[in-house]
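2 protein chains.
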Amino acid sequence: MKSKGQRSSGNRVLTFVAIFAILAASSIAGLAASETTSAGKPEEGKISLGARTLILPAPVWIICSYDSSGRPNAMTASWAGICSSDPASVTVSLRESRYSFDGIIARKAFTVNIPSTRFAAEAAFFGTVSGRDIDKFQATGLTAVASGLVDAPYIGEFPLVVECRLSGTYNVGSHVMLIGEIVDVKADSSVLDGRGMPDMDKVDPFVFATGSGSFYSIGESLGSISELRDKIGK
Amino acid sequence: MKSKGQRSSGNRVLTFVAIFAILAASSIAGLAASETTSAGKPEEGKISLGARTLILPAPVWIICSYDSSGRPNAMTASWAGICSSDPASVTVSLRESRYSFDGIIARKAFTVNIPSTRFAAEAAFFGTVSGRDIDKFQATGLTAVASGLVDAPYIGEFPLVVECRLSGTYNVGSHVMLIGEIVDVKADSSVLDGRGMPDMDKVDPFVFATGSGSFYSIGESLGSISELRDKIGK
Chain A
32 MKSKGQRSSG NRVLTFVAIF AILAASSIAG LAASETTSAG KPEEGKISLG ARTLILPAPV
92 WIICSYDSSG RPNAMTASWA GICSSDPASV TVSLRESRYS FDGIIARKAF TVNIPSTRFA
152 AEAAFFGTVS GRDIDKFQAT GLTAVASGLV DAPYIGEFPL VVECRLSGTY NVGSHVMLIG
212 EIVDVKADSS VLDGRGMPDM DKVDPFVFAT GSGSFYSIGE SLGSISELRD KIGK
Chain B
32 MKSKGQRSSG NRVLTFVAIF AILAASSIAG LAASETTSAG KPEEGKISLG ARTLILPAPV
92 WIICSYDSSG RPNAMTASWA GICSSDPASV TVSLRESRYS FDGIIARKAF TVNIPSTRFA
152 AEAAFFGTVS GRDIDKFQAT GLTAVASGLV DAPYIGEFPL VVECRLSGTY NVGSHVMLIG
212 EIVDVKADSS VLDGRGMPDM DKVDPFVFAT GSGSFYSIGE SLGSISELRD KIGK
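Residue numbers (the numbering used here), protein chains in the order written: chain A, 32 to 265; chain B, 32 to 265.
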């Protein structure tokens, strides 16, 4: 609590000090009450790394859109995730300065393209050059396929693609979250499991290590949630 | 375009047919124009899976908070991701009906706790039971540590924890995105690399396969972004 009594004098100062003392006492009492109701052991042992985006892991998704002249562009995004089940939705955060930004806002559409590990170099490339300077599809030889559902292209060679209609935006700070309602998910038949679902081993996606700036493949199955859950008693 | 003319008859049918023909022609013209400006090959080959959250991979993070009586709770979230660099922020989507929701809103705080693969069973458990019915910390024997920075607990045994101040919410539909400004990241010294950053191999996190409902470990490094990027000519 910052002192607001500097303009007061005489009895008003004394009154202020008395009120402050009461407020401070009740504040301390409130803190003590909060400490007893909010359980938890005191902190120890961990090293503070500061207010940084050092969470693991982050996805590596390629966001495709058209620019103002209708040219397909692709950029790599890792500040992203699924954000709703119904309507099925995904959020992707972009800086407004990114070349893709204006096109996505104008056409209210983008696609999320999940690369296999064999496209790790292309994903790194898409994340380090700008569509302002280069035609990324021409440079990589990948195919921009025109989505029939949304006004955005997807990458034909990637095993799993997600067509999104921009349903909203939320400004966080350096980045704007683009919320995309999933209109359709399309997959190569070769990456589906026996139930017709995208298979992790076959799609073979990879993740971003925020601390080291490296990509990592996916490893082995640890089991289904129901199998794993049964290992805990109760 | 679905026919809406079934209730019409006589001249009204003819009028409708004529209008429909004009609309169809202009629609085709519009489509042709759109095809010339928005480049891309026509679609072929991929199988449509529908408007579903079948994106790979999703993170497995444990969200900790206090309930209204100050009891620590933990729930597993995979509809989540980093969403801003400055301020460093993360978004986690929860259904309003989840037991954790009210406590996070009331205290404007939560923590994101990244489990190692040895905690896969606990992560499955935290995602399949409710804090309404059970004390999840008591059931698993894990330790709720009181954060000194935000009004939420974190899991002492987990190698990497992220303390967040709730900075905003965005209602997507079934889920509300909780946007958390990262106040601090804390790590066990044993999981840091030579540069003091969280090391993917040492933290040993895992991901969720949306299609199969399984957890998968992280595999091998594919290389740094700069190494990978150099494989693409130009």
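None of these hints come from the bench; they were simulated from the model. Where hints are given, some of them may not hold.
For identical chains, the list gives no copy identity; a pair is met inside one copy or between any two copies.
Said to hold, decoys possible - Derived EDC-like pairs (lysine to aspartate or glutamate); straight-line CA-CA distance at most 16 Å:
#	residue 1	residue 2
1	LYS233	GLU188
2	LYS139	GLU212
3	LYS139	GLU74
4	LYS77	GLU188
5	LYS233	ASP98
6	LYS139	ASP235
7	LYS72	GLU188
8	LYS233	ASP166
9	LYS77	ASP219
10	LYS77	ASP224
11	LYS77	ASP164
12	LYS233	ASP117
13	LYS139	ASP98
14	LYS139	GLU127
15	LYS77	ASP215
16	LYS77	ASP230
17	LYS233	ASP219
These figures come from a predicted structure and were not determined experimentally.
The hints, checked one at a time:
1. In this assembly of identical chains, LYS233 and GLU188 lie within 16 Å of each other by CA distance solely inside one copy; the values are 14 Å within and 33 Å between copies.
2. Proximity of LYS139 to GLU212 under the C-alpha cut-off of 16 Å is restricted to the intra-copy arrangement: shortest distance 10 Å within a copy versus 27 Å between copies.
3. Taking identical chains as interchangeable, the C-alpha atoms of LYS139 and GLU74 are never at most 16 Å apart, the minima being 46 Å within one chain and 20 Å between chains.
4. Taking CA atoms no more than 16 Å apart as the test, LYS77 paired with GLU188 passes between copies only; the shortest distance there is 10 Å, against 44 Å inside one copy.
5. For the identical chains of this complex, LYS233 and ASP98 are neighbours neither inside a copy (32 Å) nor across copies (41 Å), given an alpha-carbon limit of 16 Å.
6. Taking CA atoms no more than 16 Å apart as the test, LYS139 paired with ASP235 passes in neither setting, with 29 Å inside one copy and 38 Å between copies.
7. In the homo-oligomer, the alpha carbons of LYS72 and GLU188 lie at most 16 Å apart only across protomers (12 Å), although the nearest pairing inside one protomer, at 51 Å, exceeds that limit.
8. In this assembly of identical chains, the alpha carbons of LYS233 and ASP166 never lie at most 16 Å apart, being 29 Å within a copy and 38 Å across copies at closest.
9. Proximity of LYS77 and ASP219 under a CA criterion of 16 Å is satisfied inter-copy only: 5 Å between copies versus 45 Å inside one chain copy.
10. Taking CA atoms no more than 16 Å apart as the test, LYS77 paired with ASP224 passes between copies only; the shortest distance there is 15 Å, against 41 Å inside one copy.
11. With identical chains, the CA atoms of LYS77 and ASP164 are never at most 16 Å apart, being 44 Å at best within one copy and 31 Å at best between copies.
12. For a Cα distance limit of 16 Å, the shortest separation of LYS233 from ASP117 qualifies neither inside one copy, at 26 Å, nor across copies, at 36 Å.
13. For the homomeric pair LYS139 and ASP98, the shortest alpha-carbon distance inside one copy (12 Å) is at most 16 Å, but the shortest distance between copies (39 Å) is not.
14. For the homomeric pair LYS139 and GLU127, the shortest alpha-carbon distance inside one copy (15 Å) is at most 16 Å, but the shortest distance between copies (27 Å) is not.
15. In the homo-oligomer, the alpha carbons of LYS77 and ASP215 lie at most 16 Å apart only across protomers (11 Å), although the nearest pairing inside one protomer, at 43 Å, exceeds that limit.
16. In the homo-oligomer, the alpha carbons of LYS77 and ASP230 lie at most 16 Å apart only across protomers (15 Å), although the nearest pairing inside one protomer, at 37 Å, exceeds that limit.
17. In the homo-oligomer, the alpha carbons of LYS233 and ASP219 lie at most 16 Å apart inside one protomer (10 Å), although the nearest pairing across protomers, at 34 Å, exceeds that limit.
In summary, the numbered hints that this structure violates are 3, 5, 6, 8, 11, 12.
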